[in-house]
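**Student:** Mind assembling these two chains? They're in different frames, but the hints should get you there.
Chains as they are written, first to last, in this note's numbering: chain A, 519 to 783; chain B, 21 to 657.
No lab work stands behind these hints, which were simulated from the structure alone.
With a Cα cut of at most 25 Å, we get these calculated SDA-like pairs of lysine to any residue:
#1 Lys-34(B) / Ile-649(B)
#2 Lys-572(A) / Thr-519(B)
#3 Lys-571(A) / Asp-568(B)
#4 Lys-40(B) / Ala-474(B)
#5 Lys-516(B) / Tyr-547(A)
#6 Lys-575(A) / Thr-561(B)
#7 Lys-40(B) / Pro-663(A)
#8 Lys-80(B) / Ser-656(A)
#9 Lys-548(A) / Ser-527(A)
#10 Lys-389(B) / Asp-673(A)
#11 Lys-40(B) / Gly-660(A)
#12 Lys-516(B) / Ser-550(A)
#13 Lys-389(B) / Asp-674(A)
#14 Lys-672(A) / Gly-386(B)
#15 Lys-567(B) / Ser-511(B)
#16 Lys-572(A) / Glu-520(B)
#17 Lys-597(B) / Met-651(B)
#18 Lys-40(B) / Ala-662(A)
#19 Lys-575(A) / Thr-231(B)
#20 Lys-591(B) / Leu-644(B)
#21 Lys-672(A) / Ser-163(B)
#22 Lys-547(B) / Leu-594(B)
#23 Lys-672(A) / Asn-108(B)
#24 Lys-571(A) / Arg-553(B)
#25 Lys-44(B) / Gly-219(B)
#26 Lys-385(B) / Ala-411(B)
#27 Lys-545(A) / Lys-575(A)
#28 Lys-515(B) / Tyr-547(A)
#29 Lys-40(B) / Asp-664(A)
#30 Lys-391(B) / His-605(A)
#31 Lys-591(B) / Glu-539(B)
#32 Lys-567(B) / Pro-541(A)
#33 Lys-567(B) / Asp-641(A)
#34 Lys-80(B) / Asn-658(A)
#35 Lys-571(A) / Gln-503(B)
#36 Lys-548(A) / Thr-519(B)
#37 Lys-571(A) / Glu-295(B)
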Amino acid sequence: MSDKKNGFSVTVRVWRQDGTGEPGRMKAYKVSDVSPDMSFLEMLDLLNEDLIKKGEKPVTVESDCREGICGCCGLVVNGDVHGPDEHSTVCQLHMRRFRDGDVITVEPWRVKSFPVLKDLVVDRSALERIMAAGGYISVNTGAAPDANAAPVNKDDAEEAMDAAACIGCGACVTACPNGAAMLFTGAKISQFALLPQGSPERQRRVLSMLEAMDREGFGNCSNEYECEAVCPKDVKVANIARMNREFLLANFFGKAEPQSAGSRD
Amino acid sequence: MNLDAKIPAGPIEKKWDNHKFNLKLVNPNNRRKYEILVVGSGLAGASAAASLGELGYNVKVFTLHDSPRRAHSIAAQGGINAAKNYPNDGDSVWRLFHDTVKGGDYRAREANVYRLAQISNQIIDHCVALGVPFAREYGGLLSNRSFGGAQLSRTFYARGQTGQQLLLGAYSAMMRQVAAGTVSVMNRREMVDLVLKNGKARGIIARNLITGELESYAGHAVLLCTGGYANVFYLSTNAATCNVSAAWAAYKRGAGFANPCFTQIHPTCIPRSGEHQSKLTLMSESLRNDGRIWVPKAKGDKRPAGQIPEAERDYFLERRYPAFGNLVPRDIASRAAKAMIDEGRGVGPTGLSVYLDFRDSIKRKGADKIKAEYGNLFDMYYQITDENGYATPMRIYPAPHYTMGGLWVDYDLMTTIPGLFALGEANFSDHGANRLGASALMQGLADGFFIAPATVGGYLGSTKFEPASGSDPEFAETAGQVQARINRILSIKGKKTPTELHRQLGNVMWNDCGMARNESTLKKALKKVPEIREEFWSEVTVPGSDKDFNQTLEKAMKVADFLEFAELFLKDALERKESCGGHFREESCTAEGEAKRDDANFSHAAVWAYSGEGKEPALHKEPLAFEHIKMAERSYK
Chain A
519 MSDKKNGFSV TVRVWRQDGT GEPGRMKAYK VSDVSPDMSF LEMLDLLNED
569 LIKKGEKPVT VESDCREGIC GCCGLVVNGD VHGPDEHSTV CQLHMRRFRD
619 GDVITVEPWR VKSFPVLKDL VVDRSALERI MAAGGYISVN TGAAPDANAA
669 PVNKDDAEEA MDAAACIGCG ACVTACPNGA AMLFTGAKIS QFALLPQGSP
719 ERQRRVLSML EAMDREGFGN CSNEYECEAV CPKDVKVANI ARMNREFLLA
769 NFFGKAEPQS AGSRD
Chain B
21 MNLDAKIPAG PIEKKWDNHK FNLKLVNPNN RRKYEILVVG SGLAGASAAA
71 SLGELGYNVK VFTLHDSPRR AHSIAAQGGI NAAKNYPNDG DSVWRLFHDT
121 VKGGDYRARE ANVYRLAQIS NQIIDHCVAL GVPFAREYGG LLSNRSFGGA
171 QLSRTFYARG QTGQQLLLGA YSAMMRQVAA GTVSVMNRRE MVDLVLKNGK
221 ARGIIARNLI TGELESYAGH AVLLCTGGYA NVFYLSTNAA TCNVSAAWAA
271 YKRGAGFANP CFTQIHPTCI PRSGEHQSKL TLMSESLRND GRIWVPKAKG
321 DKRPAGQIPE AERDYFLERR YPAFGNLVPR DIASRAAKAM IDEGRGVGPT
371 GLSVYLDFRD SIKRKGADKI KAEYGNLFDM YYQITDENGY ATPMRIYPAP
421 HYTMGGLWVD YDLMTTIPGL FALGEANFSD HGANRLGASA LMQGLADGFF
471 IAPATVGGYL GSTKFEPASG SDPEFAETAG QVQARINRIL SIKGKKTPTE
521 LHRQLGNVMW NDCGMARNES TLKKALKKVP EIREEFWSEV TVPGSDKDFN
571 QTLEKAMKVA DFLEFAELFL KDALERKESC GGHFREESCT AEGEAKRDDA
621 NFSHAAVWAY SGEGKEPALH KEPLAFEHIK MAERSYK
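Same shape as in the complex, but just chain B (with noise of 0.2 Å):
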């Protein structure tokens, strides 16, 4: 597997725009004789396909969702960093670079990082072009705040629902590009395959939804803007349907899967109330801008907050992290919290929880600020638990909700098969082991409205093509073995459903491969997951037929995916012997408890390629190297 990640030479602040002169060009009468397939229609794939339509390019954006504006990406809360110093607070390209390299703990590629930084500027002025009401202030111009791992104010964003006005931004500039006809949306589509010729990526199969009719789709380009996996862990802050499919069926087509054992777990998310719950949900970040994190000092203490007097509450992240406070990143806050609930000082009934106090800032700053800032917020949290955060505190507890492990993609986003492009959440390389909180918006929308558009067309410009449709044998091919998995599937009628299975799966990977992992449940759960496979090839039922609406069948293939992803996703952690950012390894921490990297034999990219069903996947290392952020023991305190 060539792992070159082709990073331009030059000195880092001009790499990328040496790279974009380098790049070919496609004549702008030539761009609409190119077909370019992608797959998602979040922020990486809606933005993508704008710019790509816009340069006049045929784009087809296929989304499982009745409209594109369902993506997953909607959900984001709290907002989107860049480097625009409004605040004058000290910000700069350069710190928003440091401080993302050092939030991954040192697991990202310096380059992609530093160019996602410059970018980030340019994302939030097309974003306000687009219509995107952003916070303001009273003078007109735009607001920021704090976000974790950043001691400054770079987030931009639109009350509680920044993810939300970023995507109805790009899909409104690919709604433009719709009407132009220069790219047209694929409803209700799933894609299950990836289709080669000639070693390129070619084309997709993609199932019809309605109809269960698998359709071939072919194109020059496959652009996959796809997600993440959190899925695997059954309980997720993800959306029902997200899942790791795609990339799955790329990575048995030949494509490198990147350190699929990064994951994040977030801090606050409302606690699961029983066996039914079917998700976990997301409370923002910014609440720990002005919530306190505590948990009473004594073990087992069942009094209501209330009672609980201020010398006998432990404000753990203040006292641990005095120099961030309750604003640590994500993984550092989320593993202080499980060190106090695993000391028998966890809240609520059920004892999984802490709390998350706003009574000094009502104090201070108004109950109607809160309210203002927050408010979508503690209705939420009301409407989920009955209780109001107003006057309790709100108790929450971590849980897996981003991805930072992906396909491999080299400095253009392009993955180990040629054509086959890895936007957003769905490729590795900016985060590193650690995401910092309003990062991801950022990354996508850098990804989509102004890497791949370039990139792609480089690639289109300088790469000849046979002629490709989906009438093609290999096309024909990869739909038989589509369907014949499909088939096997439906001839089981065992006596589980898939969701039982699913279950079944995200327990054992919470509990052994969740918050922290050691060589032991890790090895145990190596023997565990496929077992499951197992049972569920003999044992999952799907009623009714492949050539309908069924949910059930959709279901059941994304969870023969994670089945067999999840086992990838062990070994990479077995592999990984050292702690970084949110994969915490047990054996690996320092005296205080802390992650403990292993930058001797550990400072790399670990990607794997698939070698054939029942066969060791190959381990591939990508060195990472750090000649401008030096590396540090990363500290917050």
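The shape of chain A in the complex, shown without the other chains (with noise of 0.2 Å):
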């Protein structure tokens, strides 16, 4: 129980931003008394409990859930897209992870279209902007049919759950050495383009989300393949793969009108 007992030191050199546009700089933190049970969150904790009884400024990061869900936390650590661990996000690695006397460093999502906010905290409402540019299947509610009205393959069932997995992190925009969003938008068409629901507005899903990530300055995909492995929810780029292919049948059969104007009129 005690963290004394198992306890180690390590140096953290993160990075300290005041705001967006404002200079950056690393800078190096001892911090002491660190479990192995610990979380790599936790161990923030401990720095920045430790700084804000020093009357100094804690180093602001995001997370929340704590659990690998809801996508907030998001850091490179020594270079690492979430960290070292395979498929997780960065609030499930733990400190058995280091040992005693390790340099670590943390830096924020280093994006074009993700400016910092503060030291390392991000900000990732370009995502969001290509979620409204078509992320939904148009239904209103109250307007469905009987859940089990239309079957639905179970592999395809199953290949839309792989790709709906996404939590949205950008940890693949991160990792991607052009910056590209292409996992994130790629994993949302394929959802929808694998489910029969889905289908009636495949194609002017696929011209409006793209042309919303170009509009967001996202780079392109050159199969680099760095997305998925650092996604932690394992997200394929087959999915990308299938959103190149909803997009070459857009473009023959498509149509590029904009998004319906919604209900209003």
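**Tutor:** What follows is the structure, given as structure tokens:
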């Protein structure tokens, strides 16, 4: 139980930046009494508690559920997006991965489309705008047929679920040398393309979401597969291939008009 | 305080339909003239915003996160109930209604619960239409599984990520309305107070978490969809930012707070490992479909699980509750585990856990099948504990999870303040003293997709509004009070961090008002909490300025509210001298140690009204009548 019994010390080098557009720098802090059972974020909590007590500004860092599903947290730890563990968010990284005396470098997502807001927190609202461009099926509440009216092939449903598991953390964009959001966008397009419910608006969806992606300044895919490697939910690059296929088909047969103007008219 | 629940007349099956017919409508062309403020973007908030936006109202959604998709509904794992009876195992609206009222230990309002059961089927239809990838059978139809408190399979699920998939469904429906221009998302904003004008809720003060500015927003109705307050225990399964502040602000502005002591302690959580712990991680109740819960028969048996022979294991849930076995409701499973631990039969290095063992189902079904159903949960368990749940039994311990108490609402989900609605976990209504598994998602979406769009419209259509804008003096005055509180926090510059004080509070709440409570522990806690509160206001330290992205200040403001709220929680627990559901008063139990209700004296919702700072809150009661479900001792044997 006692933290002190197996406690060890590490040095964290953390990115400090007061606000968007301000100059930033790495700053080193020593953290003692680290327990191997602590999560990485709990180690940063320990650091912050210490800084607050000294009257210094703690490191601003985003996290919420701390069980790997909300997508809030996202740090580059020693150059690894979400840390060294495979297919994991940084909140699930534990200090048993580190040794006494380790120097750990902690940086925010560094992506043109995700400006730093403060220290380790970035603005990912560009992803919201991609979602608003078509990441949905246009049905109003109350209009749905019985849930079992349309059977869905189990394998398709499973594959749609694999794609839908995306937590919107932005790790894929961070890992991509081109800063592309194609895994994020491709996952949403795939989820709906695989399901019969998503079919009626598949063409306008892919055209509109890709247009939004470009508008937000995200890059394009050059088959590095870095996104898949760091994705905490193991979302596959096959989703990008499916998106490209959808895009091709939509260009041949689709309508490039903007999304429906909603229900007001 | 007027506690007229406004339950519609007529037979229970017809109440909701009749009521919808009687509610005033707002002409489609007039809807855009109404501004609706939705606070919170979880299942209840996102679904309400989507549906109200589809109807053509102007909706603003406030979330303290960078994206509405981060709300803690995302973490719900196991599933969502509905009375579809797809498995042909005898389900019906009536049975879901019955199970939910019984599961809540007869402390919920019958008419509300019936409506919830009725709407449950529409929710599944709508979510499938939204593209939620529910689990399916090979024939292409939807799959179901069992959850606690039910003897049939009515739970729909998307692996162990049902909450995530439902929230993303509601969120995407809302983002469609963002594109349509009816909904705007105000992200990274936290509601810090409610603004009343002429007795009606007419707006909120929100703190912009990046700039620190206090912003005023006016509207015709305010919907609080702000979740539960289990973080009053410091350690809970809730996300770090879950809080009571919005509901507490509403209470201090005149909204009744009902049954604050009704808390759900979830049995299957990963045990804590040390003082550093910042949260407790839940593992889905669905694990109890295939996992068997046990402890050694002998006290202090320190052998590894694998070396304890079958005859020396006590599968205590199966032994005590043969009819429901490992699938008894959460309150009962948690208390049974606590009883074993109190007897000295707990396992693990601290003795504060029990086993959840998959050995037999792996033998019966094969490891692949278990992995397919629960793989993500086993992975999560491994990441946190460094133990392989397939090879050795998992260790679990109960943790605060969900709060059945909340703002009192009438049948329309309106609080005692006109124009202020509360949806989802933030209200008190449907789960009584204990919520059944897979019912929170159902309630959040029922409130947001189907109930609020009708009842909020009814309120708007039948109310005359004076003009209101953020520049009205009421807004400036409220913002001034918030600013004064912030200034006071910043000026203390003491020696303790907000987290330390929060942990102190949590220890008191867990030890004295956790899984079991009695008069003496509650009175002790009622002495300690005001002391911690005093310590907060003399010793807290918050570096930096309020006009900045300042997470320590955010935390301090939440802790300040928890420290006030905790006292009401304890008072409510002290006042309710019976045991019911998750509220276990040690003075009130049967010879077998089960919770014993006192229907003669406590068949009511306890609703507390704020009387001013430092003054005793007033207790009001909404009597509960059970005309359709016979009240009985809740037995799962």
